[in-house]
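Participant: Full structure from sequences and hints, please.
Quick note, the sequences are listed as chains A and B, same order. Taking full-length UniProt numbering, the leading residue of the first sequence gets 1, the next gets one more, and so forth. Taking full-length UniProt numbering, the leading residue of the second sequence gets 1, the next gets one more, and so forth.
To be clear, the hints were calculated from the coordinates, so they are not data collected in a lab. Positions of the beta carbon are idealized from the N, C-alpha and C atoms, including for glycine. All clues given are correct.
These stretches of chain A come out as covered by chain B in the derived footprint (C-beta under 8 Å, 3 or more residues):
#1 45 to 58
#2 74 to 84
#3 98 to 111
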Amino acid sequence: MSASTQQPAIEVRDLAFRWHAGAPPVLDIPELIVERGQRVFILGASGTGKSTLLNLLGGVLRPGQGEVTLLGQPLRTLRGWRRDALRADHVGFIFQMFNLIPYLDVLSNVTLPSRFSAARRERANARGGVEAEGMRLLAHLGLGDRSMLGRRPTELSVGQQQRVAAARALMGAPEVVIADEPTSALDAGHKGAFLELLLSECATFGTTLVFVSHDRALARPFDRVIAMADINRAGAGGAPGGAHGG
Amino acid sequence: MAIVRLALCSLRNRWVTATLTLFAIGFSVALLLAVEKLRTETRASFAHTISGTDLVVGARGGSVQLLLYSVFRIGGATHNISWESYQDIRNHPRIAWTIPLSLGDSHRGYPVMGTNLDYFRHYRFGREQSLQFEAGGPFNDLFDVVLGAEVAHRLGYELGDMIVIAHGTGKVAFLEHDDMPFRVAGILKRTGTPVDRTLHISLDGMEAIHVDWHGGTPPPPGRRLSPGEVRQVDLTPRSITAFLVGLDSRAATFQVQRHVNGYRQEPMLAILPGVALHELWSLMGVAEQALLLVSGAVVAVGLIGTLAVMLAGLNERRREMAILRSVGARPRQIFLLLVSETLALALAGIVAGLGMLYLSLHLVQPVVQSRFGIRLAVTAPGWHELALLSLFLAAALLVSLIPAYRAYRNSLADGLNPRI
Numbered sequence: 001m002s003a004s005t006q007q008p009a010i011e012v013r014d015l016a017f018r019w020h021a022g023a024p025p026v027l028d029i030p031e032l033i034v035e036r037g038q039r040v041f042i043l044g045a046s047g048t049g050k051s052t053l054l055n056l057l058g059g060v061l062r063p064g065q066g067e068v069t070l071l072g073q074p075l076r077t078l079r080g081w082r083r084d085a086l087r088a089d090h091v092g093f094i095f096q097m098f099n100l101i102p103y104l105d106v107l108s109n110v111t112l113p114s115r116f117s118a119a120r121r122e123r124a125n126a127r128g129g130v131e132a133e134g135m136r137l138l139a140h141l142g143l144g145d146r147s148m149l150g151r152r153p154t155e156l157s158v159g160q161q162q163r164v165a166a167a168r169a170l171m172g173a174p175e176v177v178i179a180d181e182p183t184s185a186l187d188a189g190h191k192g193a194f195l196e197l198l199l200s201e202c203a204t205f206g207t208t209l210v211f212v213s214h215d216r217a218l219a220r221p222f223d224r225v226i227a228m229a230d231i232n233r234a235g236a237g238g239a240p241g242g243a244h245g246g
Numbered sequence: 001m002a003i004v005r006l007a008l009c010s011l012r013n014r015w016v017t018a019t020l021t022l023f024a025i026g027f028s029v030a031l032l033l034a035v036e037k038l039r040t041e042t043r044a045s046f047a048h049t050i051s052g053t054d055l056v057v058g059a060r061g062g063s064v065q066l067l068l069y070s071v072f073r074i075g076g077a078t079h080n081i082s083w084e085s086y087q088d089i090r091n092h093p094r095i096a097w098t099i100p101l102s103l104g105d106s107h108r109g110y111p112v113m114g115t116n117l118d119y120f121r122h123y124r125f126g127r128e129q130s131l132q133f134e135a136g137g138p139f140n141d142l143f144d145v146v147l148g149a150e151v152a153h154r155l156g157y158e159l160g161d162m163i164v165i166a167h168g169t170g171k172v173a174f175l176e177h178d179d180m181p182f183r184v185a186g187i188l189k190r191t192g193t194p195v196d197r198t199l200h201i202s203l204d205g206m207e208a209i210h211v212d213w214h215g216g217t218p219p220p221p222g223r224r225l226s227p228g229e230v231r232q233v234d235l236t237p238r239s240i241t242a243f244l245v246g247l248d249s250r251a252a253t254f255q256v257q258r259h260v261n262g263y264r265q266e267p268m269l270a271i272l273p274g275v276a277l278h279e280l281w282s283l284m285g286v287a288e289q290a291l292l293l294v295s296g297a298v299v300a301v302g303l304i305g306t307l308a309v310m311l312a313g314l315n316e317r318r319r320e321m322a323i324l325r326s327v328g329a330r331p332r333q334i335f336l337l338l339v340s341e342t343l344a345l346a347l348a349g350i351v352a353g354l355g356m357l358y359l360s361l362h363l364v365q366p367v368v369q370s371r372f373g374i375r376l377a378v379t380a381p382g383w384h385e386l387a388l389l390s391l392f393l394a395a396a397l398l399v400s401l402i403p404a405y406r407a408y409r410n411s412l413a414d415g416l417n418p419r420i
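Facilitator: This is the structure:
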């Protein structure tokens, strides 16, 4: 897509993050490299700093020490709005639950990223238009029924909601999709199906997938499995009481 | 713009609270504008009660009191001025015209005023408008009466009807000049001033019904003069209540005023109607301010209600903000979203308020016109209203900053993982 094609999708070096100066670090990661197109499973229970890591990868939090590089862009020196723009253009997110804006219908939820990112809007347009792309993604994820498009999130089952969230994350072909426990609200049968769909979509588009979960059973189909405990020297016990649940 | 569209969708989703808030704002805006309209129209109609008159002259007393009885025909004079003094003053070389006024009688609560034909020639109200006849013309005969528009309309009089004048100004008359009825010779067009409430007769007519009275009591039966006999008598008035003065030039105002106020033969007072009107209005200023204060308070209540609704929703919307952040919204855009929502409510409220205002104006206008003689013109909002509305919007903008700032702070603190 750009001159940075050769760089890895995500590169973390000597990262240390603490909530307050003097507080023990939540994250202390000497190195983490995710190559483009790789589908990575990060295994971590809550309290291991994974939510903080995802906030850092998405450019919502600014690294204190060390560097997080996203698609060749070092994040630490970027101003807040540049990090927001980078996230808007290149990263799709899926959360554990309540992924959807309650007052927008299904299709509007899916096309939402293209409202905040011209790059993703253009990529969607190149594939036949924003709405067409949204409907295509929904169809791929098994929500092709036209009556689905105008529904409100509250009218959907949790499984359907998560698939809509996946379609949104993939909207406008971002290079990276970050999924934070996206299956933990689903029952066993739906978990596998959802995972399969997500992985195949990412494979089709060559999307880098960072999938975070505490559920080791889900790790099998991934290219690579990383345990938080192995990369984060800050380890357990560093969880602050504050702004990162999940 | 994406954010504004989001704001509208968000409001539509909460349409019950949004509609209620919108109506609260609408009512407060309508009330504010209605009070302002009433205030300005009352003030304008008040200031336009009399125009073209340079001085009002009466017996010495308070200037507001003189204005009240001579122009508004409210209350009465404690003293009259003698016919001789009036003749003397009106011969002043700078005086172009005078209108003598003689008050004290009434007809079913409406004041009866004796004057002469100069009244129809020189009296001006509003923007230098002269009196026009709806029907008939000025009084010709001794027992002719010319009715103000409201008198004729309310009491259902037409040309040629006979009217009996009551002695004194009370609503219930104990003594009536029933031996000398008057014939309706003319009906004036509506002026929106106290003229509408007045019955006009000639000074001679006023003198005629009192000529055989002594000290406020009628003559005993049998010694009354008949209308035929009274025509033989000299009907030159002995006194009048007040007179209006027009000068040949405005520049002479103070000279003539000094001349009247320093008149040796009889204590008299000359006032400038504009100044006295202003004085009278400032007496009513307190009520005016109170009215304004109340409508201002209603606006504040409307805005506080909006603020409460916006703030109450914020906590349960933290997840929504995090989702927006995850798809690339900047904290600044979250801020903008909340500002847009509040402003959209305020704008819709203004539209609703204008709708309510014009609807109610349309409904009450005829009532106010006939009851109080105030014409509430149903006109498009003028600069004053637009200024008020802009002020309201500015206040709404200020209020919107509070939830917007909180949402901004929340979204910075929460990032992608809201505390809920």
